[in-house]
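Participant: Below are the chains, spelled out letter by letter.
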Amino acid sequence: MENKIVEKSSPLSSGNIAVQVDDLTVAYNYKPVLWDIDLEIPEGVLMAIVGPNGAGKSTLIKAILGILKPIAGSVSIYGKPYDEQRKLVAYVPQKGSVDWDFPTTALDVVMMGTYGSLGWIKRPGQKEKKAALEALEKVGMLPFKGRQISQLSGGQQQRIFLARALVQDASIYFMDEPFQGVDATTEVAIINILKDLRKAGKTVIVVHHDLQTVPEYFDWVTFLNVKKIATGPVKDIFNDDNLTKTYGINYKVSIQE
Amino acid sequence: MNSAQIEIQLIASLVAIACAIPGTFLVLRKMAMISDAISHSILPGLVIGFFITQDLNSPLLILLAALTGIITVVLVERIQKTGLVKEDTAIGLVFPALFSIGVILIAKNANDIHLDVDAVLLGELAFAPFDRLIIAGADIGPKSLWVIGTILAITIGLLIAFFKELKISTFDAGLAASLGFSPALIHYGLMTMASITTVGAFDAVGAILVVALMIAPAASAYLLTTDLKKMLGLAIAFGVFSAISGYWLAHWLDASIAGSITTMLGILFLIIYLFAPNKGLIAVMYREKQQRTEVSLLTFLLHLKNHSEERERHVNHLQEHINWQKVRAKTVLDLALKNNMILINNKIVSLTQKGDEFTSKAIDYIITNEDAQIEDMKDDFFLFRG
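As given, the protein sequences belong to chains L and E, one line each in that order.
Mapping to full-length UniProt numbering: the first sequence position 135 is 135, numbers consecutive.
Mapping to full-length UniProt numbering: the second sequence position 158 is 158, numbers consecutive.
For the record, the hints were derived by calculation from the structure and aren't laboratory data.
Since we're looking at a predicted model, the values are computed, not measured.
Don't be surprised by glycine CBs; every beta carbon is placed ideally from N, CA and C.
There could be a bad hint or two in this list.
Claimed, not checked - Using 27 Å as the maximum straight-line C-alpha spacing, the simulated BS3-like pairs for lysine-lysine come out as follows:
id, chain 1, residue 1, chain 2, residue 2
1, E, K81, L, K227
2, L, K87, L, K138
3, E, K338, E, K289
4, E, K230, L, K95
To be verified - Calculated from the model, a selection of chain L residues having no Cβ within reach of chain E, i.e. all distances over 12 Å:
id, residue
5, G15
6, I17
7, E40
8, N53
9, I61
10, Y78
11, P124
12, A131
13, E134
14, Q180
Take these sequences, add in the hints, and give me the full structure.
Facilitator: The following block contains the structure:
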């Protein structure tokens with residue numbers, strides 16, 4: 001692969017904290033799945049959240065977005081509670097979390113990204129449709145706009161989800177395993193879009209499984225396993241020591257040149 | 001048709017529309033059984049309301065019954081949340097318990113009034129025109145027509161106002177929550193509407209038909225369309241069609257109207273289940289058969305591409321070497337010929353240019369799994385439609 005190694009331009013030029021998590025604890029049936037998480041995510045990073053299955057990666061995102069209620073702790077987005085900052089945030093759930101047989105088209109799913117700025121009752125109009133078409137164009141899915149979503153391949157469905165987040169024109173993007181079950185072409189297409197977002201000064205937070213690609217794709221990383229193990233720039237903290245602490249076994253990653 | 005007949009059909013049609021709307025969302029949320037639970041467990045609410053008001057169409061009765069509907073939903077969720085039993089078990093635990101409370105209440109206290117379990121289960125649509133609403137001495141129509149008409153108007157109003165919210169929270173509750181549309185609020189709103197509709201429809205058509213009118217039209221529509229608005233429209237159309245045709249079936253058979261409407265719903269669903277163009281049983285079987293043939297075709301074309309020697313490309317070779325039966329071999333040859341992919345000269349088969357290109361593309365796709373290149377092939381071949 002002749003993909004360029006991530007440009008190491010400092011993401012901290014502005015020095016703002018995009019997402020701040022304090023003492024966050026989330027439990028299912030009184031069993032903690034996230035334990036006392038403190039996390040600061042600087043503005044403008046492209047960050048991977050890594051950790052073994054059941055480490056609470058998706059839970060962390062859902063708790064930040066208010067989809068799950070934590071039993072303790074708080075979250076702020078640019079210094080304010082999430083409820084006040086919704087419009088700054090876009091979310092790409094796991095592809096498997098929805099019913100792809102739902103009677104709707106690709107364009108319609110992307111339009112759902114505009115619902116947040118519309119608020120209750122108001123309906124999407126021409127402006128929203130235009131934005132959705134532009135987002136479809138960006139992910140290369142414009143020719144499929146009228147297709148029923150079950151008629152799309154896994155990679156295409158993931159691109160539709162990405163387009164739905166793009167249409168929100170947010171400052172912070174949370175993505176839950178966007179590379180799961182997609183082919184190599186789609187993976188490259190998605191990562192290029194994520195890098196473009198970062199270039200535009202956005203903050204992108206991705207639950208990620210493939211440790212091999214972390215140094216190539218991301219500039220920031222958080223190790224998570226119920227507790228936070230480490231967080232920081234990939235070049236400083238993505239090492240065997242933290243991997244072993246997170247995954248419990250003696251973990252070695254051969255990082256490509 | 002006399003005016004009573006028209007009124008019965010009108011009531012049945014309005015009930016059908018009022019049921020099809022929440023029913024569509026219940027089907028999409030895979031919550032069809034909850035409507036069954038609601039329709040039974042509202043009985044105690046109905047009975048208590050009836051004791052208080054002595055009027056089956058009183059708004060208080062509808063509110064109390066709707067409240068028991070909500071209690072059902074909450075109880076089912078609570079039991080399910082313990083993780084000890086699954087949702088269907090929780091439903092099976094809750095509604096018989098509440099329903100039986102209603103049955104006992106009727107048996108103990110209401111023996112002398114016209115509220116009995118038969119009427120609750122099957123309704124008395126035929127008698128609906130006799131119960132008139134009289135305001136200031138003027139007869140303005142059957143009471144149940146007004147009750148269901150009001151409920152339908154509210155349902156339509158809410159549907160138009162919250163269509164977008166219903167859609168997003170049904171499709172992707174996580175996204176809905178992150179955008180600030182409370183999925184819980186919409187969930188309970190829908191459940192309240194389903195409960196109120198059930199109560200309102202129940203007096204006219206009974207508990208069993210309410211369930212049928214909520215689920216069957218929506219399930220039929222689901223098989224025919226990939227557009228939510230069209231699904232709603234079709235569900236409404238199927239409901240009204242069954243209501244009217246069911247009425248005349250009952251008229252002709254001299255049988256229960258509710259039972260005949262439900263029968264029509266069943267027949268309608270069966271027909272659509274068999275003959276729906278894409279999701280129907282026959283279409284699916286046809287598609288699978290075509291896919292098998294197309295795999296054979298591809299195997300055959302690949303064989304031709306890989307072998308230049310004439311021995312390997314002889315027509316009879318298909319049977320001898322590839323080990324296909326005569327019929328299969330003929331089907332494959334015909335399909336390839338029809339698509340101009342092969343030429344047969346002196347029983348020697350060779351690929352045309354089109355056949356050659358097609359084979360390369362198809363093999364390429366199967367190896368790389370890259371979708372974009374085969375878009376044009378999808379129209380002609382089922383194999384590539386996933």
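Participant: Beyond 12 Å from every Cβ of chain E: is that where the Cβ of I17/L lies?
Facilitator: holds (20 Å)
Participant: Given the hint that K230/E pairs with K95/L, does the C-alpha gap stay at or below 27 Å?
Facilitator: holds (25 Å)
Participant: Beyond 12 Å from chain E, beta-carbon-wise, is E40/L?
Facilitator: Consistent with the label, E40/L stays out of reach of chain E, its closest Cβ about 21 Å off (over 12 Å).
Participant: Verify that the Cβ of P124/L lies farther than 12 Å from every Cβ atom of chain E, and report whether the claim holds or is violated.
Facilitator: Incorrect as stated: the minimum Cβ-Cβ distance to chain E is 7 Å, not above 12 Å.
Participant: E134/L clear of chain E by more than 12 Å, beta carbon to beta carbon?
Facilitator: holds (19 Å)
Participant: Is the Cβ of I61/L more than 12 Å away from each Cβ in chain E?
Facilitator: For I61/L, whose nearest Cβ neighbour in chain E is about 9 Å away, the distance does not exceed 12 Å, so it is violated.
Participant: Beyond 12 Å on every Cβ pair: is that true for Q180/L relative to chain E?
Facilitator: Consistent with the label, Q180/L stays out of reach of chain E, its closest Cβ about 15 Å off (over 12 Å).
Participant: Are all beta-carbon distances from G15/L to chain E longer than 12 Å?
Facilitator: Correct as stated: the minimum Cβ-Cβ distance to chain E is 27 Å, above 12 Å.
Participant: Against chain E, does Y78/L keep a CB gap of more than 12 Å to every residue?
Facilitator: Check passes; 16 Å lies beyond 12 Å.
Participant: With 12 Å as the threshold, tell me whether N53/L passes as away from chain E on beta-carbon distances.
Facilitator: holds (19 Å)
Participant: Would the hint linking K81/E and K227/L be met if the CA-CA limit is 27 Å?
Facilitator: Answer holds: K81/E to K227/L is near 26 Å, not above 27 Å.
Participant: Is K87/L within 27 Å of K138/L, Cα to Cα?
Facilitator: holds (21 Å)
Hint compliance for this structure: hints 9 and 11 are not met, and every other hint is.
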